[in-house]
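Take the two lone chains and join them into the complex the hints point to.
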Amino acid sequence: MEEQRPILQMTDIHKQFPGVKALSNVQFRLFPGEVHALMGENGAGKSTLIKVLTGVYANDQGTVELEGRTISLQSPQNAVELGISTVYQEVNLCPNLSVAENIFIGREPRRYGRILWKEINRRASQLLKERLQLQIDVTKPLHSYSVAIQQLIAIARALDVSAKVLILDEPTSSLDQNEVKQLFQIMNQLKNEGLAILFVTHFLDQVYEMSDRITILRNGEFVGEYLAKDLPRIDLVSKMIGKELHMLEDIPKTTEGRIGMDEVLIQATALGRQGVIAPFSLQIGKGEVVGLAGLLGSGRTELARLFFGADRTDQGELKLGDVGGTVQSPKQAINQGIAFCSENRKTEGIIENLTIRENIILALQANRGLFRTIPRKKQDEIAEEYIKKLNIKPSNPEHLVKNLSGGNQQKVILARWLIMQPKLLILDEPTRGIDVGTKAEIQKLVISLSREQQMSFLFISSELEEVVRVSDRIAILRDRKKIQEMNGQEISQHNVLQAIAGGNSTHG
Amino acid sequence: MLKKQYLPIIVTVALFMVMFVAGAFRYTGFFSLQVLLNLLIDNAFLLIVAIGMTFVIISGGIDLSVGSMIALTTMVSASLIQNVGWSPWVVIPLVLMIGATFGCAMGALIHYFNIQPFIVTLAGMFLARGLCYVISINTITINNTFYMSMAQTKIHLPGGNFISISVLIALVAVAIGIYVAHYTRFGRNVYALGGSEQSAVLMGLPVARTKILVYTLSGFCSALSGVVFTFYMLSGYGLHANGLELDAIAAVVIGGTLLTGGVGYIAGTFFGVMIQGVIQTIISFEGTLSSWWTKIVIGLLLFSFIVFQRIFTTRRSSRRG
Chain A
1 MEEQRPILQM TDIHKQFPGV KALSNVQFRL FPGEVHALMG ENGAGKSTLI KVLTGVYAND
61 QGTVELEGRT ISLQSPQNAV ELGISTVYQE VNLCPNLSVA ENIFIGREPR RYGRILWKEI
121 NRRASQLLKE RLQLQIDVTK PLHSYSVAIQ QLIAIARALD VSAKVLILDE PTSSLDQNEV
181 KQLFQIMNQL KNEGLAILFV THFLDQVYEM SDRITILRNG EFVGEYLAKD LPRIDLVSKM
241 IGKELHMLED IPKTTEGRIG MDEVLIQATA LGRQGVIAPF SLQIGKGEVV GLAGLLGSGR
301 TELARLFFGA DRTDQGELKL GDVGGTVQSP KQAINQGIAF CSENRKTEGI IENLTIRENI
361 ILALQANRGL FRTIPRKKQD EIAEEYIKKL NIKPSNPEHL VKNLSGGNQQ KVILARWLIM
421 QPKLLILDEP TRGIDVGTKA EIQKLVISLS REQQMSFLFI SSELEEVVRV SDRIAILRDR
481 KKIQEMNGQE ISQHNVLQAI AGGNSTHG
Chain B
1 MLKKQYLPII VTVALFMVMF VAGAFRYTGF FSLQVLLNLL IDNAFLLIVA IGMTFVIISG
61 GIDLSVGSMI ALTTMVSASL IQNVGWSPWV VIPLVLMIGA TFGCAMGALI HYFNIQPFIV
121 TLAGMFLARG LCYVISINTI TINNTFYMSM AQTKIHLPGG NFISISVLIA LVAVAIGIYV
181 AHYTRFGRNV YALGGSEQSA VLMGLPVART KILVYTLSGF CSALSGVVFT FYMLSGYGLH
241 ANGLELDAIA AVVIGGTLLT GGVGYIAGTF FGVMIQGVIQ TIISFEGTLS SWWTKIVIGL
301 LLFSFIVFQR IFTTRRSSRR G
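First to last, the protein sequences are chains A and B.
Under full-length UniProt numbering, the residue at position 295 of the first sequence is numbered 295, and the numbers go up by one with no gaps.
Under full-length UniProt numbering, the residue at position 71 of the second sequence is numbered 71, and the numbers go up by one with no gaps.
Just chain B, same shape as in the assembly (with noise of 0.2 Å):
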């Protein structure tokens, strides 16, 4: 039986399955799996750092810093790599921990001096966009074998269809972030906490560890997706992932996470991307449009998606009333 509270999801995933159709019936060459591959290969980053962001709006806060991190990621590997002939196998780490620790310290600042993460995490997206161009205010382009054996190799399967490495490593991470919501008590302590902070205290929950770990585990998503976005684009340039975050935020809304906290799901995240991926390819199919749409599209539908969401929590609690 279906649950009601299942709801948003159904209606994320039926939006994405109508767009596709509807893109299928339009386009010749549209119904093909590797288009929805394609999906995936160029939204892999993206889809890696939404999963980081709807545990934090899943926990009530938000993080504006995914962007710039993305950015000062691909920009500390292409110095590092280029410039200083360090091994991948050193850098990956590097800027992973270096993502994790950004985000550390950015939770430990909400925590315990209690400010709001809207501009905590806005103060950490200046930061490290600006740290990008203390390294080069140029772009620093990747010549080295692994990362362009990375960028380049094709994980075929059936069907002569193919997807890329990231692909790969943002499934993963869709699989491990599905796990951790819901089979570890770190995740669940994240839903409480976002269902009522103040209860989630007087429940006895660890409520600074995971308010921490929250932005630690969004800081090391976005580094990861950095890391993938230079895979993406072989290249460090301080305005990557120009207003990244947003997008992230976009797709975890129209995924069915409530902004306000304590209810939300990974796979609708999942889909929440996929539907602004096939928004952009039936944009490109279309072929006369300007790519402006896209945002165009995405916002006509963050409207509904906001509104039908208010509808749907202002009948739930008035059925209580």
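Chain A on its own, in the form it takes in the complex (with noise of 0.2 Å):
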């Protein structure tokens, strides 16, 4: 693989945005028949590399070479003609038009500029069985398939344009187990078809299980470039991170010295919603962590929200323990103390235009009434004192949050809930698409949190590393239906994953 040419080369990239280093000096290349992840934490300039690539952002200096050839990139259009194309999280197609449409849009087969639609129905269905073993129905609407089919369906579209580079940015995020591994297998089965895969992912397994190659970009520098099998997995995380790590097995996890955990701050009985979930029982003390383990859709959100009263509940009682009080609805739960930091921040969180500190204070306001405002001097102090606390970057309060990393937007989001000192934090996915350090320094307040303040969570994750380091108790759910309560000892990556997998358990 060495003696090959690459067939995309990026040398010396830099980008300037006013104010910002972006870019400076970076460097890419990209082989035929490999996958070659990019790696970083949230800003270290992964997405404006990718942004570039793309012909989104224009690079103030540097060349990009394909095939040898420098191009010059004007627009995502011109992009997609040389053969980059790019599959997003968030998946770029239109949900309105049917699957087949959305992979010939733009390029229809037509007679005399009339689209034949049979033509193109059964050239999606050739091409989807093909080369990546999908049956479905074509002519169905995008939006009727999960998120997994979708993203295959933009490989799809991707690969029929005849790309020669194929940019997946985070495509797993939003898959459960069984579809990334589908995926994977796509995966590989391209690059040994020759294509040339960049791939961008949080998940440090996928990283390894995938790439032959790993670029590191850190503060908008580039770091190295290495083989994945050179490269052990700790020399990774710290190099993106530029420091030694301990955080990642510097949790003490003792129920010693723990106090109050047996005092139950709320308690569910039988609760459940017909078709949701299935009736459940589930009591969180107070000062406790109880985690949430199963796959994507196995109702771990739904019995969160149940917890939050969003949802109706239509069987079983919610019950605080120390007033007898019920939740019933979301502002009955916020009066009783409970918060909800939802797992997309994007549309149920952050305000974009709004600063850190106006998405700071925003819950706390509401709380007081529109017409009491919290004086400035105070607002300020609140900020401050959790920007600091939290460690949030920039440090400006006057900072529009939408100029910031996704973990510090999450930062921001816990910051506004933590200063309305809730009993209960309900966390769904609070470290999703964000990078190694900022995820250890969430998990870190979490355990201090609970510890110091007795705040107890409810703490949603898909991954399992990270339920099982921060949880006094774990309960899993498996198919919309709560299966087991694993507690102190028993919890181990191992046994969790086993329960989900439905391994050996007996247990009800």
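Keep in mind the hints are simulated off the structure, nothing from the lab.
Errors might be hidden in some of the hints.
To be verified - Here are the in silico distance ranges between beta carbons for each label pair:
{"id": "1", "chain 1": "A", "residue 1": "Ser146", "chain 2": "B", "residue 2": "Gln116", "range": "29 to 39 Å"}
{"id": "2", "chain 1": "A", "residue 1": "Ser146", "chain 2": "B", "residue 2": "Tyr6", "range": "19 to 29 Å"}
{"id": "3", "chain 1": "A", "residue 1": "Ile374", "chain 2": "B", "residue 2": "Leu7", "range": "42 to 52 Å"}
{"id": "4", "chain 1": "A", "residue 1": "Thr326", "chain 2": "B", "residue 2": "Gln116", "range": "51 to 61 Å"}
{"id": "5", "chain 1": "B", "residue 1": "Gly299", "chain 2": "A", "residue 2": "Gln189", "range": "56 to 66 Å"}
The C-beta atom is built at its ideal place from N, Cα and C for all residues, glycine as well.
See below:
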């Protein structure tokens, strides 16, 4: 492979945004028939580099060569024409159009200007079947299929445009394990056919499972290019973060000296909602971190929403330990000290055009009533305090939130709920799409808040490692049913995985 | 096999048939082909303007300027023919050009300055309406022989029924509209744009051209509708077609096009217009009811259709998650 010439070579790429140096002196090469992982924390410049490569941004300096010829990328359209195709995490196809049309739009086979629908449908079926082993009705609208299938359709489109370079940007974030497996099979097959694949992901396991080569960026600068087999995991992480990392193993997991956990904060008894989640019982103690583990679609979010009163229950009851009240609406939940941090931070959390300060005080202000403004001085104090506490970057509270990286946006949302001093904070995938360093920070924060301030957490995550690390107790869900609870010494990745997969568990 | 996405349009067609049959039972003389054809004769201009509107709404936009554009077209036509004495063969192509240019300019503003279509076309609406009064504040009656003959010519159909030339123009426009929407790249790009503009950009579709063309098309359709309206009224007047843009939007929505864009059918719009027509006809057959009852019924219908669409789309998206 080393003797080959790279199909794509980016040399000394610079990109400056007003006030920020997004990329400086970045190198990147991609060989045919390889999967190359682009790694870096949020804000390291991965997205910017990809946007340069797909013609969304123009680079200020440096050259991009494709098959030995220098190219200048003017627009996404231009990049696609040159053979650089991208499949994004949020599938960028049109949900209202049929599967076949999504593959062929803009390039429809025509006769005398008339689109040949039969030809489109036939070719789309054939393409999906032959190259992706996917047999589906291509005349149905795209939105009737799962995100995983939609992603495969996006790949099919990219392939059919005769891609030489395929960029997969966080393709696995919203897939469950089987879907990931299917995607990887296809990636391997395409790689063997000689396609060059640029793979961006936050999952280290996936990086090592799939990639031949790894390029690391940090703070917009090129750290290095390595063969995956020569780069131990711990080195990868420390290179990404720029310091030796002990945080990953470093969290003390002792139940000793924990007080109050026996005191019930909230208790769900046979709580359920027809067709959404089977009746379950779950209690959360004071200062306890209860993890919810299960595959995507196993009912984790749905369970959490019942705790917040966001969906109606049709059986069972939810009781607060100390006062004996119930929770029937989000408003009630908030009044009782329950806060919910949704998994969709873009749509349900962050207000992009407000500043960090405004985003942080939002819930507190709403709770006080809109006519009793929090004094500006108080606002500044709160913002400063939490920016420091959560290590939010940039630390200027007047910065617009839309310019922050995903991890820092997540911290802003966390700050918003933390200043409410909730008794129970529900965190739904708080670290999704966030770099390793910030992930560890958030995990540490959860643990220290539960220890020091007796705050309880309901913690949902797709990453086993993470749930296992932070949780005092884990409830395991499968097929929209709570199947098991694990405590103390029982909790290990191995046991949880087995329970999720339905191994030898006999618990009901 | 019927596909689920055709449900809104099926509801519209069924509603039209129910209304027509109900009218036929209640009033003598209602159930005839000529009553049906009169729906077309009286609503040809609305049909034409609604076709352009359908494209705009599918693309995710809105065009409020169409009613004023019709008025301006009648005004320019009338004044050039009556006062200046130009030939209709020059005037008609000219007004069509004006309409298309006007739409094109609005489309360019919407796209290049990234302004909401609502506000741009609202400005266009005031501008076009105002320009009418620059030409004249009074009605200009047309007695040109070509226009008279266009207004009065009846195309006879077997069985003693007839339609007007305007109907012919409208039906051709519908046929072209359906073809363009479903069998041309431009048409499909409009759907893609309405489905997700960001995706359309990233898929390399010509978003700028499509967006501007959509408003150009709508401008052209409103000018064509203005020409047909001139045949119908035989006059130019600044108050003609006042509020017609809203009738057109109502027809499009009742026809099953989603206001959020991405989904809709020209054929649905056709029935949306026909439903409005049949309500008017029923109310005129009733005799004692004020014509404002048309608005009341259309208002209620719109409410129920929007709620229906909402339920239809939420159910669809909840099935995904």
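We went through each hint and held it up to the structure:
1. Between serine 146 of chain A and glutamine 116 of chain B the C-beta distance comes to about 33 Å, which sits within the given range of 29 to 39 Å.
2. Distance hint for serine 146 of chain A and tyrosine 6 of chain B: a CB-CB separation of about 23 Å, consistent with the stated range 19 to 29 Å.
3. Distance hint check for isoleucine 374 of chain A and leucine 7 of chain B: the Cβ-Cβ separation is about 49 Å, which falls inside the suggested range of 42 to 52 Å.
4. Distance hint for threonine 326 of chain A and glutamine 116 of chain B: a CB-CB separation of about 44 Å, inconsistent with the stated range 51 to 61 Å.
5. Between glycine 299 of chain B and glutamine 189 of chain A, the C-beta spacing of about 57 Å keeps the proposed range 56 to 66 Å intact.
In this structure, the one hint that does not hold is number 4.
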